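Given the sequences, and given the hints that come with them, work out the whole structure.
Just so you know, the sequences run in chain order A and B.
Using my numbering, the letters of the first sequence correspond one by one to residues 49 to 207.
Using my numbering, the letters of the second sequence correspond one by one to residues 10 to 102.
It is worth saying that the hints were derived from the structure and are not from the lab.
As the structure is a computational prediction, the values presented were derived from the model and not from experiment.
Treat the hints with care, as some may be off.
[As the list claims (entries may be wrong)] Partial chain A-side listing against chain B, Cβ under 8 Å, derived:
no., residue
1, THR81
2, SER116
3, PHE128
4, ILE129
5, PHE144
6, THR170
7, GLY172
8, VAL181
9, LYS184
10, GLY188
11, MET196
12, GLU205
Just so you know, even glycine gets a beta-carbon here, dropped at the ideal spot from N, CA and C.
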Amino acid sequence: MSGMSRIVKTMASVTFPLTMIYGLYIIAHGHLTPGGGFQGGAVVASSCALILVAYGSVWTMGKIKEKSLSVFESLGAIGFIGLAFFGLIFGANYFFNNFLVHPKGLDIIFNGAAKGLSNINTAGVIPLMNFAVGLKVIAGLFAIVLAMAYATTKLKEGE
Amino acid sequence: MSIRNIVAVTFFAVVALFLIFGALMTHPFGEFDEDNTPEMDQYIIDNTQSETGADNGVTAVVFDYRGFDTLGEATVLFTAVAGVIILFRRLKK
Numbered sequence: 049m050s051g052m053s054r055i056v057k058t059m060a061s062v063t064f065p066l067t068m069i070y071g072l073y074i075i076a077h078g079h080l081t082p083g084g085g086f087q088g089g090a091v092v093a094s095s096c097a098l099i100l101v102a103y104g105s106v107w108t109m110g111k112i113k114e115k116s117l118s119v120f121e122s123l124g125a126i127g128f129i130g131l132a133f134f135g136l137i138f139g140a141n142y143f144f145n146n147f148l149v150h151p152k153g154l155d156i157i158f159n160g161a162a163k164g165l166s167n168i169n170t171a172g173v174i175p176l177m178n179f180a181v182g183l184k185v186i187a188g189l190f191a192i193v194l195a196m197a198y199a200t201t202k203l204k205e206g207e
Numbered sequence: 010m011s012i013r014n015i016v017a018v019t020f021f022a023v024v025a026l027f028l029i030f031g032a033l034m035t036h037p038f039g040e041f042d043e044d045n046t047p048e049m050d051q052y053i054i055d056n057t058q059s060e061t062g063a064d065n066g067v068t069a070v071v072f073d074y075r076g077f078d079t080l081g082e083a084t085v086l087f088t089a090v091a092g093v094i095i096l097f098r099r100l101k102k
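Take a look at the structure:
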């Protein structure tokens with residue numbers, strides 16, 4: 049039985065969803081309230097690190113491999129730079145163009161803040177980029193922590 | 010007093026003076042100094058909502074006006090993750 053005691057595991061199980069929901073909220077509302085992809089991703093990665101500390105790295109490695117976390121991180125990076133490249137095709141045709149709030153694009157749906165609205169669908173590509181960067185930060189930070197913890201455990205066991 | 014301590018004290022004094030004078034030279038809090046404020050600040054404050062549609066000006070700057078900077082940050086994170094995973098891959102069976 050790896051990991052820490054039953055009390056710690058129970059408390060980590062209770063705290064983990066709350067922390068994760070808070071981090072996802074920070075990511076999803078990055079264009080409305082303080083925060084964004086990097087900050088919310090760090091919060092979610094901390095909650096995953098809490099699970100890692102409570103349950104041990106061997107158990108966590110059985111649930112999710114760091115190889116798949118690398119895949120998620122690369123998906124986030126591809127999404128981020130792909131949204132940047134879409135700005136070359138649509139809208140005003142320059143790199144990192146916010147093509148969804150351009151007057152030639154879907155301005156009616158996505159440009160609510162100019163009319164005084166604070167809806168979730170304002171700001172065009174900014175929330176999508178927040179999601180991409182958030183996925184990248186979650187997977188990247190958790191992959192770092194998981195790889196280091198697993199290597200330390202293996203070293204302690206003497207390989 | 011060894012030469013290492015002298016170097017350390019000198020470095021500390023220089024950095025402390027730099028920070029103190031930097032703190033004294035900042036704007037007064039809450040007052041708008043029109044002569045010393047860059048035009049870019051006022052432009053972003055005025056036009057963020059109409060141009061990007063985002064309420065949060067900081068996110069609008071980070072992801073829209075200065076997207077290249079965020080791309081660099083993401084690249085730094087990617088490089089760090091790649092380095093750590095390459096370094097610790099050898100320890101895995």
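Review point. Among the hints numbered above, which are violated by the structure, and what are their numbers in rising order?
Key: Those not satisfied are hints 2 and 12.
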